[in-house]
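**Student:** Sequence:
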Amino acid sequence: MDDIERLMSQYPQISYHFEKMPSGLRGLTIGDEITINSTIPKDEQLEWLYEEIGHVLTSSGDITNYHIHSNVEQEIRARNWGMKHQVPLEKLREMAQDHVDEDYEIADDLGIQIDYLHMVGFMYGFKYKETK
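Going by full-length UniProt numbering, the sequence shown opens with residue 1, and the numbers climb by one from there.
Quick caveat, the hints were computed from the structure, so don't treat them as lab data.
Incorrect hints may have been included.
To be verified - Calculated pairs, DSSO-like style, for lysine-lysine (alpha carbon to alpha carbon, straight line, at most 30 Å):
id, residue 1, residue 2
1, K42, K84
2, K84, K127
3, K20, K84
4, K91, K42
5, K20, K127
6, K91, K127
7, K20, K42
Computed from a prediction, not measured in an experiment: that's the story for all the values here.
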């Protein structure tokens, strides 16, 4: 059982679909049905699956209009839920102690992309040194 299957098994009340989606669309949730873009890499599929599960559990209604503040708040809440469940703060702290200043290695060990690691870090309030 891979990480995607393991995550889906934790939320059996949700229906999951993996199929080709329009360019730029990574995941979509309607009610308790999640569709993930099957053409993106597996590590990205897992990231988006966490976020979409966050939408099922924390969002309500149609939140596609980002001109409405409450929709943006729901989007952020679902994204944060996904990041916190995929990369718990304690796990990130442990890895940061083992790999100081080696964010690429941390991302690789966690099985996530470097950009996603940085988003998770910023969500938790970590500061990254700037490269010159």
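**Student:** It remains to establish, for every hint, whether it holds in the given structure.
**Tutor:** Structure-based check of each hint:
{"no.": "1", "hint": "K42 - K84", "in the structure": "19 Å, holds"}
{"no.": "2", "hint": "K84 - K127", "in the structure": "17 Å, holds"}
{"no.": "3", "hint": "K20 - K84", "in the structure": "27 Å, holds"}
{"no.": "4", "hint": "K91 - K42", "in the structure": "21 Å, holds"}
{"no.": "5", "hint": "K20 - K127", "in the structure": "36 Å, violated"}
{"no.": "6", "hint": "K91 - K127", "in the structure": "17 Å, holds"}
{"no.": "7", "hint": "K20 - K42", "in the structure": "13 Å, holds"}
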